[in-house]
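> Spelled out from the first residue to the last, the chains are:
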Amino acid sequence: MSDDVLCHIPALRAYSRALCRNRSDAEDLVQETLLRAIEHAGSYRPGTNMRAWLFTIMRNRFFTNCRKAAREAPGAADCASVRPQVGPDQEWHMMAIELHAALQAMPAHYREAIVLVGALGVTYIDAARLLDCDIGTIKSRVNRARGQLRRVLEPEI
Amino acid sequence: MTETRDVPGIDPELDKALSDLLAQTGKEAISPRLSELAQRLELALAGAKARRGGSAP
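Top to bottom, those sequences are chains A and B. For reference, each letter of the first sequence is one residue, going 1 to 157 in the numbering used here. For reference, each letter of the second sequence is one residue, going 1001 to 1057 in the numbering used here.
None of these hints come from the bench; they were simulated from the model. Please note: incorrect hints may appear among the correct ones.
[Stated by the list, open to error] Just the calculated beta-carbon pair ranges, DEER-fashion:
hint, chain 1, residue 1, chain 2, residue 2, range
1, B, P1012, A, D132, 26 to 32 Å
2, B, R1052, A, A105, 44 to 50 Å
3, A, D4, B, R1051, 17 to 23 Å
4, A, I125, B, R1052, 32 to 38 Å
[What the hints assert, rightly or not] With the Cβ distance kept under 10 Å, some of the chain A side facing chain B (calculated, not the full set):
hint, residue
5, D3
6, V5
7, R17
8, N22
9, S24
10, E27
11, V30
12, A41
13, Y44
14, G121
15, L149
All residues carry an ideal CB built from backbone N, CA and C; glycine is no exception.
Given only the sequences and the hints, what does the whole structure look like? Please build it.
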């Protein structure tokens, strides 16, 4: 895995869009992730998986933001982990609208798992570490997400 | 847990659709701000590595 930071930006964008409700928030999260990574550059061990390190920072930052938003506006938490998102402001024009709709409609923990493993090629082991759960849980989430996507997209694929 | 598959690629067409997500973000322009942050991070990582190397016995 490369230590060239720029080459990780596409994956960071894809993962941030799995976490956030809209593209603008996702782009902000990518920037915040890089800023946090700069602050904590000393915690990275050269030769280890930089992308996984950045994903971990991103996920931690995302949940920190969620907690902060919940404190500042109780009842209005904008956290992907607490509600599925089918917001009208989704701007993903990345590919078939059906895939986006299906991803956004599924529970956040399924979406996060399928995007990491299915779209970003993260191994089950690394995904389990990142999401702080056991590998069986990851496999289950990925398979359930696949099932949901397959049902929605069956006419197209 | 009954799921034992280790290889996610059993649905090639679904996998392709998913991998297109990454391909698409790869086509998007990287803003000057992101480029700057990426550069700053590389410098910070290089500095951390040098400090680590310098402090080694």
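> Which of the listed hints are broken here?
4, 8, 9
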